[in-house]
Every structure is written in structure tokens, then in C-alpha cells.
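Participant: As a plain string of letters, each chain reads:
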Amino acid sequence: MPSLKDLKLRIESVKSTRKITRAMQMVAAAKLRRAQEAAENSRPYSERMNAVVANLARSVVGTDSAPRVLAGTGRDNSHLLITATAERGLCGNFNSSIVRLVRSQARELLAEGKTVKIMTIGKKGREQLRREFEGHLISHVGLAGMRSIEYRMVQRIGADLLASFDREEFDQATLFFSRFKSVITQVPTALQLVPVPVDNPMDEDAGHGRFYEYEPDEQELLVELLPRAITNQIYAALLENAASEQGARMSAMDNATRNAGDMIDKLTIVYNRSRQAAITKELIEIISGAEAL
Amino acid sequence: MTMQFDLVSPERSLASLETQAVDIPGSEGDMTAMPDHAALMTTLKPGIVRVRNGEDSGEFIVTGGFVEITENGVIVLAETAYRRGEFTEEIFVELVSVAEGALEGMEGGSRDLAEKRLAETRSLRSLLTD
Chain C
1 MPSLKDLKLR IESVKSTRKI TRAMQMVAAA KLRRAQEAAE NSRPYSERMN AVVANLARSV
61 VGTDSAPRVL AGTGRDNSHL LITATAERGL CGNFNSSIVR LVRSQARELL AEGKTVKIMT
121 IGKKGREQLR REFEGHLISH VGLAGMRSIE YRMVQRIGAD LLASFDREEF DQATLFFSRF
181 KSVITQVPTA LQLVPVPVDN PMDEDAGHGR FYEYEPDEQE LLVELLPRAI TNQIYAALLE
241 NAASEQGARM SAMDNATRNA GDMIDKLTIV YNRSRQAAIT KELIEIISGA EAL
Chain F
1 MTMQFDLVSP ERSLASLETQ AVDIPGSEGD MTAMPDHAAL MTTLKPGIVR VRNGEDSGEF
61 IVTGGFVEIT ENGVIVLAET AYRRGEFTEE IFVELVSVAE GALEGMEGGS RDLAEKRLAE
121 TRSLRSLLTD
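In order, the protein sequences belong to chains C and F.
FYI, the numbering for the first sequence is 1 to 293, going by my numbering.
FYI, the numbering for the second sequence is 1 to 130, going by my numbering.
Keep in mind the hints are simulated off the structure, nothing from the lab.
Watch out, some of these pointers could steer you wrong.
[Unchecked claim] Distance windows between CB atoms, simulated:
(1) Thr32(F) x Leu90(C): 49 to 57 Å
(2) Asp160(C) x Asp112(F): 32 to 40 Å
(3) Thr88(F) x Gly113(C): 50 to 58 Å
Here the structure is a predicted model, which is why all the values come from computation and not from measurement.
Glycine residues also receive a C-beta, built at the ideal position from the N, C-alpha and C atoms.
Please put together the full structure from these sequences, using the hints given.
Facilitator: Following this line, the structure appears as C-alpha cells:
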């Protein structure tokens with residue numbers, strides 16, 4: 001049985017933990033709002049970009065002149081898994097659920113005898129993957145000290161990715177990140193970046209029937225646009241990831257705050273009980289002492 | 001007669017308004033789009049997008065991207081875009097250094113393109129507001 005003083009200290013310490021987790025929850029809520037705003041702001045650009053690229057891609061896919069980023073290398077030997085996680089922990093299973101997806105994918109590919117290369121964005125993913133895939137980690141982009149995802153940084157990632165594709169260092173690139181559904185649900189997702197997936201040319205949606213003149217011509221335009229479209233997809237995914245991270249942190253910290261509250265209640269009951277027990281014991285001692293006289 | 005004009009960059013939406021005409025720095029040449037323009041898509045070179053709307057005109061500096069013109073509107077998808085007033089020496093210097101960085105390790109055709117881009121970026125100096 002811990003002494004009264006120990007219990008009191010314990011309660012104080014849990015109380016200050018609760019203060020911290022509550023503060024973290026509120027900070028995460030504010031950051032989440034900002035992250036969601038950023039994601040929303042990028043949406044018009046993304047949507048137009050995707051529509052235009054899809055439209056152009058459909059017209060060249062299957063022809064010999066299709067750019068290699070679109071058509072692929074024709075092989076399926078070497079896979080690049082880009083793992084986007086957070087720079088920090090204390091956000092529930094946000095990081096580990098992404099890493100779990102990457103890990104299972106990597107194991108599967110390795111079992112098939114394929115080459116696996118892993119690029120990490122965010123420190124946590126790298127730390128968790130290092131144990132099993134040390135030799136496969138090829139590059140890392142840290143997010144430390146970055147208040148928001150900057151497009152310029154993503155441009156560099158995109159350029160590096162394409163340069164490495166041109167050097168034939170991989171045949172297929174997949175990006176792993178967490179899709180933001182709501183504050184309590186984030187879904188780890190794998191998104192194929194290279195070769196650029198083209199949706200079924202059969203389902204033409206409205207608005208695509210328009211004939212455009214292209215300047216420069218379609219193929220050149222596509223060669224210009226594809227790298228941008230890829231960069232943009234990474235950007236959109238990272239923004240979504242940032243929102244997911246804050247959402248996950250918010251609900252994790254909310255849980256922690258609640259747990260701390262429960263713990264304080266429990267400890268307080270124990271404290272009160274032992275205080276009463278001590279008083280009763282003292283009374284009995286005094287009374288039996290008085291009786292003995 | 002007016003048409004819808006939208007200017008968006010990946011990070012934000014800079015403009016969405018009704019206008020009479022828009023000057024566009026197309027990579028194959030400058031052009032002006034007015035309502036009922038034929039549907040056209042072109043890439044951009046570093047330059048200035050000018051919205052002409054009588055008294056109420058706006059100027060934006062873009063570094064690349066592309067434009068979709070339809071009969072009832074112009075949508076500019078700029079890689080990076082600044083309002084004329086926001087375009088400072090600092091930004092300019094950075095843009096030039098990015099363009100210079102892109103030259104590295106380039107050969108042949110793509111090097112020519114990167115050099116052209118660098119020259120076009122340098123020419124933005126004249127647009128600096130001081």
C-alpha cells in the first residue's frame with residue numbers, strides 16, 4: 001500500500017500530464033484546421049490538373065509516342081516505395097499504420113523476388129522501417145522545422161523522383177500516405193505515381209467532349225505536364241497526410257486526456273480511502289489507549 | 001461582354017473574377033484571350049498575366065504552368081504566382097537561383113529548355129516593384 005504522500009504525488013503528476021495532453025489536443029485542433037485549409041486551397045489546382053492530364057493521357061496512351069512516365073518501362077522488377085509519415089510521434093497509430101502497409105507490401109514484393117527501394121518522408125517512418133529494411137532505404141526527406149508543407153520542397157522531391165526514373169533506378173513508384181476521412185478515421189493508402197495510371201478511356205465524363213487546340217502539341221504538352229501532375233499528387237498527398245496526422249494526434253490526445261481523468265478519479269478514491277483508514281486506525285489506537293488506563 | 005477568369009497555384013487561389021480580356025505569356029508566344037475564344041491549351045513561360053477589365057485591372061507574375069482557354073473563361077494553373085505588388089527582389093533572386101539550379105546535370109535538348117527558362121526568369125527583373 002503506497003503511503004498517502006506517494007498517492008498525492010502520483011495524483012499531481014497525472015494531473016500535469018493531463019494538462020499537457022489537453023494542451024497538445026488543442027494545438028493539434030488548431031493545426032488541423034490550418035492543414036485542412038491548405039488542403040482545400042490546393043484542390044482547385046489539383047482537380048483541373050488531373051482532368052487535363054487524364055484527358056491528354058487518354059489520347060496518347062497505347063501509342064508508341066506515349067511518354068515513358070506514362071507508358072512505364074515495360075518491366076516490373078524494381079519498385080520504389082515512398083513512405084510519407086510524420087516527423088513526430090504521439091499521434092496514435094498514425095505512423096505505424098502507414099508503416100504497416102509499407103512493410104506488408106515490401107515483404108510481398110521481396111517474396112516475389114523483386115527489388116525494393118524505399119524512400120522516406122518524415123522521420124518516424126524511417127525509424128520504424130530501419131530495423132527490417134535497412135539496406136533498402138535509399139533516401140530520406142525530413143520535415144523537421146517545417147510549419148507547413150511547402151510546394152517548393154515537394155517540387156524537389158518530384159524532380160528527384162523523375163530524374164531517378166530516367167536513370168532507370170526503378171520501374172514503378174508507389175506513394176504511401178494516410179487519407180483524411182475525419183478526425184477519428186484516417187485510412188492508410190497506396191497511390192501509384194509512376195507509371196501514371198490512366199483511367200479507362202471508355203468512361204468519358206461530361207466536358208471532355210470539347211476539342212482543344214494545343215500549343216505546343218499534345219505530346220510536348222504532356223511531357224511538360226506529367227512531371228507537374230506527379231509533383232502535384234505528392235503535394236496533395238502530403239497535405240492530406242498532414243491533416244491526418246493532426247487529426248490522429250487530436251483524437252489520441254483526447255483519449256489520453258480522458259484516461260488521465262479516469263486515473264485521477266481512481267487514485268483520488270484510493271487516496272481518500274487510505275486517508276480514512278488511517279484516521280480510523282488512529283482513533284482506534286487512541287480509544288483503546290484510553291480504555292487501557 | 002465578360003468571361004470568367006481564374007488564377008490558381010498549388011498553394012492558393014489568387015483570383016476569380018469576371019473580366020473582358022486577359023494577356024497570357026504563352027510558351028509559344030504571348031496572346032490575349034477574350035470572350036468566345038476557341039478552346040485552347042498552352043503552357044506558360046515566366047512572365048506577366050494581365051487581367052484587363054477597364055479601370056479595374058490586375059497583374060500577376062507567373063513562373064510557368066499552363067492555361068486552359070474555353071469560350072466562356074480562362075483558367076490559369078500557375079506553378080508559382082504572385083500579385084504584382086508582392087513580387088519583391090527577394091522572390092526574384094530566389095526564382096533565378098531555382099532556374100539556375102535546374103541547369104545542373106542537364107544535357108542536349110532539355111538543357112536548352114532550361115537555359116531558355118533561366119533567361120525568361122531573368123527578364124522578370126523589369127517587373128520588380130520598387
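Participant: Determine for every hint whether it applies to the structure shown.
Facilitator: Here's how the hints hold up against the structure:
The hint said 49 to 57 Å for the Cβ distance between Thr32(F) and Leu90(C), and at roughly 54 Å that hint holds. Hint check: Asp160(C) to Asp112(F), Cβ distance near 22 Å, so the stated range 32 to 40 Å is violated. Distance hint check: the CB atoms of Thr88(F) and Gly113(C) are about 55 Å apart, consistent with the given range 50 to 58 Å.
Checked against the numbered hints above, the structure violates only hint 2.
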